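K.L.:
If you want the building blocks of each chain, they are given just below.
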Amino acid sequence: MFAGKHQPDRDALSAYLDGELAASRTSELETHVASCAACAEALEGMREVRSMLRAMPEAEAPRSFRLRQADIAAPRRGIPAPPTPLMRAMPLLSAAAVIVFAVTVGFDLAGNGSRGDSESSALLNNFSDGTIASQYAPDERELAEPGAADAATTPSQPDDDGAAARETAPDGVTGSDPSAEAGAAASGGEAGADAPEPADTQLPQASGPAAEETQADRAASSEFDSDDDGNNLVLRIVQVTSAAVALVAAGLAVRTWRKRREIAA
Amino acid sequence: MLEPLENAAHTSEAESDLVRRARAGELPAFNQLVELHQRSVYNLCLRMIGSAPAAEDSAQEAFISAWRGLGSFKGGSFRAWLMRIAANASTDELRRRGRRPAMSLDAPPPGSEEPIDVPDAAEGPEVHALRREHQAVIQRALLTLPSDQRLAVIMCDVQGFSYEEISAAMRVSIGTVKSRISRGREKLRGELGRQEQTQGTERHTITGQSQDTAGHRTRM
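In the order they appear, the protein sequences are chains A and B.
Under my numbering, residues 1 to 265 are what the first sequence spells out, in order.
Under my numbering, residues 1 to 220 are what the second sequence spells out, in order.
Read the hints as simulated data drawn from the structure, not as lab findings.
Being a predicted model, the structure only gives us computed values, none of them experimental.
Wrong hints could be hidden among the right ones.
[Unchecked claim] For each label pair, taking beta carbons as the anchor points, the in silico distance ranges come out as:
#1 A:E41 / B:G69: 37 to 47 angstroms
#2 A:A110 / B:V172: 40 to 50 angstroms
#3 A:A89 / B:R68: 17 to 27 angstroms
#4 B:G25 / A:I237: 38 to 48 angstroms
#5 A:V238 / B:S16: 26 to 36 angstroms
#6 B:R132 / A:L92: 50 to 60 angstroms
#7 B:E26 / A:I99: 41 to 51 angstroms
#8 A:A38 / B:D17: 45 to 55 angstroms
#9 A:D9 / B:T198: 22 to 32 angstroms
#10 B:G25 / A:E60: 24 to 34 angstroms
#11 B:E26 / A:R260: 26 to 36 angstroms
Here a beta-carbon is modelled for each residue, glycine too, at the ideal position from N, C-alpha and C.
Kindly produce the complete structure, drawing on both the sequences and the hints.
P.N.:
This is the structure:
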């Protein structure tokens with residue numbers, strides 16, 4: 001130990017003065033201080049300050065601080081009230097809202113990924129059964145525009161599927177034809193969407209059932225889409241709401257936390 | 001002089017009963033607790049703020065806060081809990097009055113021009129005047145400390161609380177209490193030393209014994 005450069009452990013010396021140093025370290029410290037000028041000086045200086053403070057007089061209370069009813073009823077100033085149970089729940093609420101938001105995003109991604117892939121077309125095959133397609137007939141008419149929009153926005157596989165649709169369209173006149181739909185379905189969801197155009201031009205007089213059928217195709221292919229559109233709105237609402245709740249709850253939780261930190265200062 | 005404190009690291013049974021009744025809404029029970037602790041609370045505020053009138057406001061506010069916040073008292077040392085509220089009320093009061101706790105010794109905090117006068121009937125006028133000045137010097141030095149260190153030093157050295165109670169009141173570990181006290185004392189030592197140098201006067205200990213600037217002291 002270098003007497004000149006030794007840095008006194010002030011925390012230990014301070015605790016020693018207060019009798020708060022562990023017994024095992026006390027004798028060690030005393031031995032050291034006896035031979036270390038720096039530590040002896042530090043200890044002495046600290047002892048002096050401590051003595052001065054201990055000698056500070058304790059004042060009598062200038063008056064009684066007993067509370068009267070008036071004191072309690074008066075409006076408060078300054079010190080914030082402890083957080084209400086609602087405020088205490090804010091972090092939890094925020095976390096829950098974030099989870100809900102994440103789930104909605106998960107749905108989003110799942111929904112986007114399933115359109116147009118082979119798995120969905122396999123599923124569409126299941127819907128190629130006529131009865132199921134006819135069940136969707138009423139809905140299809142409402143979906144005529146979305147279906148057309150789909151057709152417009154899905155330029156993939158235009159010619160081949162158009163030809164295939166033209167070939168199968170006459171067969172489809174007699175009603176829901178599994179093969180037609182199968183043919184349309186086999187070439188993918190977009191193909192079903194593409195089918196309406198050639199079908200309409202080829203067989204205007206049979207536009208009803210053909211339209212029905214193609215619309216069934218569209219319905220089948222947009223099986224997910226139709227539900228999605230309705231679900232999408234709900235999803236959006238939930239998404240936006242959960243995000244808003246998460247932010248507001250987080251803000252309130254931070255505010256409460258900061259107030260409590262003030263108290264904890 | 002510092003009075004020996006009862007070992008109140010844990011609330012006594014009688015006091016626990018009062019706390020229970022106070023929590024149930026009995027104001028008279030709470031007021032008995034006020035009577036028990038008002039001196040400690042007032043003195044904590046006094047040493048934290050450095051002004052008697054401000055300390056009075058602060059102590060009042062502390063007790064109102066305590067009454068309103070009884071629901072959040074979860075057991076343990078009632079006194080430590082009360083001291084915590086008093087400390088917060090003090091820092092609030094300081095903030096309200098626009099003072100910053102870390103101030104130089106040369107500029108006394110506004111409103112504390114009246115020195116804190118704690119009379120002792122036994123002493124003569126000269127000793128009394130010297131002691132008053134001495135206390136004022138220490139009080140001003142205390143106000144230069146950051147509030148954490150100031151609180152720790154006041155509770156330990158001025159009021160005689162144990163590290164355990166200070167730890168409960170400040171809601172920090174005992175290690176943190178130890179280092180805050182240690183640093184607070186060291187900073188005070190520095191401030192008081194500086195003040196001595198600028199004033200170049202004799203240093204008087206509280207017992208009236210003097211010490212010249214060379215540092216030789218006649219010990220008690």
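K.L.:
Against this structure, judge whether each hint is valid.
P.N.:
The hints, checked one at a time:
no.: 1; hint: A:E41 / B:G69: 37 to 47 angstroms; verdict: holds (45 angstroms)
no.: 2; hint: A:A110 / B:V172: 40 to 50 angstroms; verdict: holds (49 angstroms)
no.: 3; hint: A:A89 / B:R68: 17 to 27 angstroms; verdict: holds (21 angstroms)
no.: 4; hint: B:G25 / A:I237: 38 to 48 angstroms; verdict: holds (46 angstroms)
no.: 5; hint: A:V238 / B:S16: 26 to 36 angstroms; verdict: violated (50 angstroms)
no.: 6; hint: B:R132 / A:L92: 50 to 60 angstroms; verdict: holds (55 angstroms)
no.: 7; hint: B:E26 / A:I99: 41 to 51 angstroms; verdict: holds (45 angstroms)
no.: 8; hint: A:A38 / B:D17: 45 to 55 angstroms; verdict: holds (52 angstroms)
no.: 9; hint: A:D9 / B:T198: 22 to 32 angstroms; verdict: holds (30 angstroms)
no.: 10; hint: B:G25 / A:E60: 24 to 34 angstroms; verdict: holds (30 angstroms)
no.: 11; hint: B:E26 / A:R260: 26 to 36 angstroms; verdict: holds (27 angstroms)
Comparing the model with each earlier hint shows a violation of hint 5 alone; every other hint is respected.
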